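> Heads up: the sequence lines are chains W and L, in that order.
Under my numbering, the first residue of the first sequence carries the number 16, and numbering increases by one thereafter.
Under my numbering, the first residue of the second sequence carries the number -11, and numbering increases by one thereafter.
Where hints are given, some of them may not hold.
Below, a list of computed lysine to aspartate or glutamate pairs in the EDC-like style, where the Cα atoms sit at most 16 Å apart [to be verified]:
#1 K(-10)/L / D117/W
#2 K(-10)/L / E146/W
#3 K31/W / E146/W
Pulled a few chain W residues facing chain L out of the computed Cβ check, cut under 7 Å [what the hints assert, rightly or not]:
#4 F64
#5 L70
#6 G150
Hints were generated in silico from the structure; no laboratory data involved.
Keep in mind the model is a prediction, meaning the values are calculated, not measured.
Cβ atoms here follow ideal geometry from the backbone N, Cα and C, with glycine treated the same way.
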Amino acid sequence: MTDEAQIAAAPAVDSKREARAIAFGIAGWLVPGLGHALQRMWGRAITFFAVVAVLVFVGAGMRGNLFNSQGGDAFATLGYVADLGTGGFYLLAKYLEAGGPDVSHAYGDYGTRFLAAAGVLNLLAALHAYEAARGRKG
Amino acid sequence: MKFHLSHLQAMLLFALLISIAFGFLSRRRPLERVKYIAWSLLLFLLFGIGIGWAMYPFSR
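Excised from the complex, chain L in its bound form:
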């Protein structure tokens, strides 16, 4: 069993799983959970891609 995920794939999967867990951990009602998961996922991706671009000038 081997998984060769790219950086983007790994980040997407990680962000989705952690967002779902946080949503279920911190919210009780289904609609609130969905909102929290969507918001958390968006922030994960925004910060991940943002930090990636911020590091770009130093990558070479």
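If we strip away everything but chain W, and leave its shape as in the complex, we get:
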């Protein structure tokens, strides 16, 4: 292959890799750990899945506030974005919290933090999966 042909082929490879990286990132957001599992990073995949699952399970069990899109103020919107970060587990948390939140007790407030932390952590893991697929992280 000549130098000119190599230069012409490079953007196509890069855009394919970029698309794959985005797909891994989205997969990792929807199902915690899936973005790493698709890249055969089993340790990280299992860890992120387990950590996010336990945080959501305990947070919902403590009847933390799971925010929805009709929050009304900036904090509720931020909370909604953080909770949405858990991807598919957001629906699981909704199902587990059939009785609704109860923040009249301290443990309900702790539960709210657990749910938000699970979401933010999962977003971080999804970003890591995206970067790893681009070859920036090991």
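Got chain W sorted already, so can you dock chain L onto it with the hints?
Relative to the frame of chain W, chain L by itself:
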């Protein structure tokens, strides 16, 4: 399904889970991960208990 964790229990569980996740996120080798997790957990607990004591005079 209900969990009624005390403040200390919730803090311990939270610190442990986040430390494990950070360790796996930022380190690649097993020994480095264990060291990072232990160090991160220690700092979480130290700061958590430290801030708790710092707020004690204003609690009543």
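> Against this structure, judge whether each hint is valid.
We went through each hint and held it up to the structure:
no., hint, in the structure
1, K(-10)/L / D117/W, "holds, 11 Å"
2, K(-10)/L / E146/W, "violated, 37 Å"
3, K31/W / E146/W, "holds, 14 Å"
4, F64, "violated, 11 Å"
5, L70, "holds, 6 Å"
6, G150, "violated, 14 Å"
Violated hints, listed in ascending order, are 2, 4, 6; each of the other numbered hints is respected by the structure.
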